[in-house]
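There are 2 protein chains.
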Amino acid sequence: MNAGIKVFAPASVANVAVGFDILGFALEKPGDEIIGRFSDKPGLRITKITGAKGKLPYEVEKNTAGFAAMKLLEHLGETGRGIELEIHKKMPFGSGLGSSAASAAAGVMVINELLKRPLTKRELLPFAVLGEQIADGAYHADNVGPSLIGGMLLIRDNKTLDFHRLPIPKGLYATVIYPHIEILTKDSRNVLSDQVSLKQSIQQSGNLAGLIIGLYNTDIELIGRSLQDVIIEPQRAKLIPHFYDVKDAVMKEGALGCSISGAGPSIFALSPNSLIAENVGTAMQKVFSDAKINTELFISQINQEGAILL
Amino acid sequence: MNAGIKVFAPASVANVAVGFDILGFALEKPGDEIIGRFSDKPGLRITKITGAKGKLPYEVEKNTAGFAAMKLLEHLGETGRGIELEIHKKMPFGSGLGSSAASAAAGVMVINELLKRPLTKRELLPFAVLGEQIADGAYHADNVGPSLIGGMLLIRDNKTLDFHRLPIPKGLYATVIYPHIEILTKDSRNVLSDQVSLKQSIQQSGNLAGLIIGLYNTDIELIGRSLQDVIIEPQRAKLIPHFYDVKDAVMKEGALGCSISGAGPSIFALSPNSLIAENVGTAMQKVFSDAKINTELFISQINQEGAILL
Chain A
1 MNAGIKVFAP ASVANVAVGF DILGFALEKP GDEIIGRFSD KPGLRITKIT GAKGKLPYEV
61 EKNTAGFAAM KLLEHLGETG RGIELEIHKK MPFGSGLGSS AASAAAGVMV INELLKRPLT
121 KRELLPFAVL GEQIADGAYH ADNVGPSLIG GMLLIRDNKT LDFHRLPIPK GLYATVIYPH
181 IEILTKDSRN VLSDQVSLKQ SIQQSGNLAG LIIGLYNTDI ELIGRSLQDV IIEPQRAKLI
241 PHFYDVKDAV MKEGALGCSI SGAGPSIFAL SPNSLIAENV GTAMQKVFSD AKINTELFIS
301 QINQEGAILL
Chain B
1 MNAGIKVFAP ASVANVAVGF DILGFALEKP GDEIIGRFSD KPGLRITKIT GAKGKLPYEV
61 EKNTAGFAAM KLLEHLGETG RGIELEIHKK MPFGSGLGSS AASAAAGVMV INELLKRPLT
121 KRELLPFAVL GEQIADGAYH ADNVGPSLIG GMLLIRDNKT LDFHRLPIPK GLYATVIYPH
181 IEILTKDSRN VLSDQVSLKQ SIQQSGNLAG LIIGLYNTDI ELIGRSLQDV IIEPQRAKLI
241 PHFYDVKDAV MKEGALGCSI SGAGPSIFAL SPNSLIAENV GTAMQKVFSD AKINTELFIS
301 QINQEGAILL
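If you read the sequences in order, they're chains A and B.
One point on numbering: in the working numbering, the residue at position 243 of the first sequence is 243, and numbering is uninterrupted.
One point on numbering: in the working numbering, the residue at position 22 of the second sequence is 22, and numbering is uninterrupted.
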């Protein structure tokens with residue numbers, strides 16, 4: 001058995017307070033690793049899965065990474081190739097950190113690297129999105145885009161994957177806490193009204209616009225004023241015990257903004273420097289430890305690389 | 001009687017397809033002129049109004065320009081000054097081109113110039129917004145901001161007037177046609193549902209974000225893809241006969257986008273150069289002249305100056 005190659009795709013924070021379904025950024029860690037190698041036996045197979053507590057299927061068509069890889073191989077006319085994948089989940093499921101997106105991104109990345117990069121990352125994206133879709137049901141790239149490509153991405157239109165990388169001011173840090181509470185993405189979707197008041201819609205889009213202008217102009221205060229979710233957070237916060245306690249504590253530490261990561265229960269904050277990001281992390285941990293809830297904490301800059309060959 | 005000074009404040013296009021109540025830009029023409037001069041008789045008076053067909057009140061408190069000027073004088077502690085204003089309306093009412101905003105902008109501008117510029121334009125804005133508010137009822141700056149300050153402005157939050165000037169790619173031209181149809185702003189507001197689907201809200205904010213990114217990156221095609229109003233235009237278009245005929249004709253000429261200016265009935269298009277802007281104008285005129293509707297046409301770059309001393 002040859003050693004093969006190993007790729008990594010990072011976790012990501014979707015929505016980012018003001019860009020529900022259309023905005024996300026990649027973290028430096030955690031993330032998933034996939035090892036890929038050629039084999040004599042034709043066809044794509046998943047030969048090993050670790051870190052998934054038996055929750056992930058070995059059937060290629062039902063596995064996020066497998067399906068993404070398969071769709072890419074079909075596109076490349078390479079379905080006859082013998083390829084084995086080992087999936088090493090190194091991040092939590094159902095955390096709101098884009099776990100399935102990381103697997104899908106790693107799935108296309110490993111195939112592309114094995115085949116000596118026939119496609120650019122931009123060209124890989126649609127296949128990764130197809131992979132995540134089988135986990136999530138929706139065709140959107142707010143997690144899988146950043147996980148694959150890196151950076152903070154605005155997806156103007158998910159249907160056509162018209163995405164754009166936003167400039168990130170130096171020093172911007174993300175702090176993310178994953179409290180060990182279970183929320184199903186489905187429940188997190190169901191709690192949302194399918195209607196929004198026109199007034200809130202205007203406010204939210206003003207804030208999204210403000211965030212983007214703040215990023216382009218390196219206007220940290222404007223970024224802070226803009227990171228206010230008036231639509232999704234008020235509806236989802238009740239699913240996360242102590243959410244507002246965490247947010248209050250975080251904002252007192254000088255974070256620019258704090259909201260729910262993806263569908264939750266993870267909570268993210270953005271800070272203007274690493275010192276504040278660390279203090280924010282400590283404040284987050286204290287609220288949950290006082291409430292006897294276990295957590296995992298991640299502090300990182302915006303990951304500009306996305307999925308990489310290790 | 002001394003000659004006094006004369007200021008000009010331009011018309012403006014609010015909403016700009018994707019920024020209902022929070023986005024607007026100034027045109028080079030038409031606009032309003034106000035002459036201001038000191039007088040021996042204490043207090044602010046409006047001594048002359050032309051071009052308004054008797055529709056504008058001489059009472060300072062009821063007149064958009066007068067009220068804005070009065071509020072500014074109160075702020076400056078200068079209410080005892082004898083000041084006369086002549087208001088020369090040089091643009092149509094109820095056209096969707098920010099007529100009352102132009103008057104309000106000119107009102108604060110003329111006072112500030114008479115008093116040797118005690119305030120910056122940014123500082124003048126709240127008083128101009130108060131002036132427009134008596135005509136329009138709402139405290140928002142999407143017309144009066146551009147009319148006073150110039151450029152294309154994103155108002156992140158109208159309450160705090162947190163506004164930002166957007167970069168404008170060289171060559172960007174606006175074509176605006178005012179068909180002689182009467183729509184009351186009130187009716188144009190009443191036709192709007194106060195609810196939006198979450199899906200449309202996401203789409204619209206993606207387009208606003210796309211427009212802003214396109215402006216920062218000078219990505220003309222992205223600007224074009226982004227100028228799609230999925231919320232307001234579909235509801236208001238029915239108030240403007242032949243709107244979709246105009247839009248179709250305009251898009252065939254190569255415009256980047258076309259939608260309703262403010263509350264209508266004026267229709268604006270943005271084009272990547274002056275030649276297309278001219279062709280767009282001709283196409284707009286043809287639709288209305290075939291329908292025997294009189295029009296006024298304005299073609300200009302984005303006015304970067306806003307209100308000026310003539």
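Take these hints with a grain of salt, some might be off.
Note that the list lumps identical chains together, so a pair holds whenever it fits in one copy or between two copies.
With a straight-line cut-off of 30 Å between C-alpha atoms, the simulated DSS-like cross-links for lysine-lysine are [what the hints assert, rightly or not]:
id, residue 1, residue 2
1, K90, K55
2, K199, K238
3, K62, K199
4, K48, K170
5, K62, K116
6, K238, K170
Read the hints as simulated data drawn from the structure, not as lab findings.
Hint-by-hint comparison with the structure:
no., hint, in the structure
1, K90 - K55, "within (13 Å within a copy, 71 Å between copies)"
2, K199 - K238, "both (22 Å within a copy, 22 Å between copies)"
3, K62 - K199, "between (41 Å within a copy, 28 Å between copies)"
4, K48 - K170, "neither (40 Å within a copy, 56 Å between copies)"
5, K62 - K116, "within (26 Å within a copy, 73 Å between copies)"
6, K238 - K170, "neither (34 Å within a copy, 48 Å between copies)"
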